[in-house]
Amino acid sequence: MTKLRSVLIAVIAFVTAPAIAFAQEFEKVKDMPTQNIPAGKFVVIAYSIIWLAILVYVLIMASGIRRVNAQLDDLKRKLDRR
Amino acid sequence: MRSPGTGFWIALLLAAAGFVIVPTMIIDAPIEPVMGFVQKIFYFHVPCAIMLFLSTFVCAGGSVAYLFKGSERGDRLALAAGELAVVFGICTLTSGPLWGRKAWGVWWQWDARLTSSLALFLMMLAYLIARKYGGAVGRKLSAAVALFAAIDVPLIYKSVDIWRTVHPKTTVVPSLDARMKPAFWSAFALITLVWALLLTVRVRLERARTELAELRLDADELAEEHA
Numbered sequence: 001m002t003k004l005r006s007v008l009i010a011v012i013a014f015v016t017a018p019a020i021a022f023a024q025e026f027e028k029v030k031d032m033p034t035q036n037i038p039a040g041k042f043v044v045i046a047y048s049i050i051w052l053a054i055l056v057y058v059l060i061m062a063s064g065i066r067r068v069n070a071q072l073d074d075l076k077r078k079l080d081r082r
Numbered sequence: 001m002r003s004p005g006t007g008f009w010i011a012l013l014l015a016a017a018g019f020v021i022v023p024t025m026i027i028d029a030p031i032e033p034v035m036g037f038v039q040k041i042f043y044f045h046v047p048c049a050i051m052l053f054l055s056t057f058v059c060a061g062g063s064v065a066y067l068f069k070g071s072e073r074g075d076r077l078a079l080a081a082g083e084l085a086v087v088f089g090i091c092t093l094t095s096g097p098l099w100g101r102k103a104w105g106v107w108w109q110w111d112a113r114l115t116s117s118l119a120l121f122l123m124m125l126a127y128l129i130a131r132k133y134g135g136a137v138g139r140k141l142s143a144a145v146a147l148f149a150a151i152d153v154p155l156i157y158k159s160v161d162i163w164r165t166v167h168p169k170t171t172v173v174p175s176l177d178a179r180m181k182p183a184f185w186s187a188f189a190l191i192t193l194v195w196a197l198l199l200t201v202r203v204r205l206e207r208a209r210t211e212l213a214e215l216r217l218d219a220d221e222l223a224e225e226h227a
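Heads up: the sequence lines are chains D and W, in that order. Each residue of the first sequence is one higher than the one before, counting from 1 in my numbering. Each residue of the second sequence is one higher than the one before, counting from 1 in my numbering.
Next up, chain D with everything else stripped away, as it sits in the complex:
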């Protein structure tokens, strides 16, 4: 009985295998609607973000330098008064 069941399973697997394999294959989609994304806009945005990030960092540093210089001048004035 077990032998018969094994043979039956083997036969079913053999018969259905091509169908299963076929079902798993990718099928080429015909007439698929294409998305028209403007590449130029994306390139401009990407470059703008890069240079903006660097510019913001430069401005933060410039503000830091100005603050340090102002504090140094302040300290110098205090010391001169003494």
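Read the hints as simulated data drawn from the structure, not as lab findings. Any given hint might turn out to be false.
Claimed, not checked - Calculated pairs, DSS-like style, for lysine-lysine (alpha carbon to alpha carbon, straight line, at most 30 angstroms): (1) D:K30 x W:K102; (2) W:K181 x W:K69; (3) W:K102 x D:K41.
What the hints assert, rightly or not - Covered stretches of chain D (chain W as the covering partner; in silico rule of three or more C-beta atoms under 8 angstroms from a C-beta of chain W): (4) 36-44; (5) 48-62; (6) 66-77.
As the list claims (entries may be wrong) - Covered by chain D, per the in silico footprint, the following chain W stretches (three or more residues, Cβ under 8 angstroms): (7) 35-49; (8) 106-117; (9) 145-151; (10) 190-202; (11) 214-224.
Being a predicted model, the structure only gives us computed values, none of them experimental. Positions of the beta carbon are idealized from the N, C-alpha and C atoms, including for glycine.
Assemble chain W onto chain D, guided by the hints.
Structure of chain W alone, referenced to chain D:
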């Protein structure tokens, strides 16, 4: 702050010239046949990613010097590089999705390359947060974070070879069309120059802050002696 030397001004002049020359070279470079015009993001996206890696390594190197030798200079270098890692991380993680949206049809994929890059960015952000708000142990804590971040860099680089990802492989730059190479290497040189200039200025600013703090202490001591 003392004024910088001649080398700094030459580098600044070169960078300024680069801002004019490099975009022209990128526009003149041939359009990639598969991805089209959007591939032009590549010329700045890749150098920014390399600067993110370099900043992380420099930050980890400075952190090692600070952790094991107590080097204040190393600590200043680590802080400057840590900030630059975040800046170039922003550049990489924003230019990449813009490219991906057009090339892959999606803004983001949770694949190995993109996820590990985001993890690196978050670690470098954690470095800065731990340093600023970590209190007395903040500097040591952040130095340890920098070491973990540096371990992530080789993993990011090799991720496209180890796992299946949508991101292009590491062979992209070596196998680049010969007509695209001058534009790419010029953009790389420009970004590296900008990185070096920013690092130099940031380290000098941090040194000036330390000197100012020391001067204040000396001034206070003098005032106490006179009083």
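Hint check results:
1. D:K30 x W:K102: holds (21 angstroms)
2. W:K181 x W:K69: Judged against 30 angstroms, a Cα distance of about 42 angstroms means the pair is violated.
3. W:K102 x D:K41: Given that 30 angstroms is the threshold and the Cα spacing comes to 11 angstroms, the pair holds.
4. 36-44: It holds: at least three residues are needed, and the segment 36-44 of chain D offers 5 whose Cβ sits within less than 8 angstroms of chain W.
5. 48-62: n = 7 at 8 angstroms, threshold three: holds.
6. 66-77: Result for this restraint: holds, n = 5.
7. 35-49: holds (count 8)
8. 106-117: n = 0 at 8 angstroms, threshold three: violated.
9. 145-151: violated (count 0)
10. 190-202: It holds, with 4 qualifying residues against the three required.
11. 214-224: holds (count 5)
Violated hints for the displayed structure, listed by number in ascending order: 2, 8, 9.
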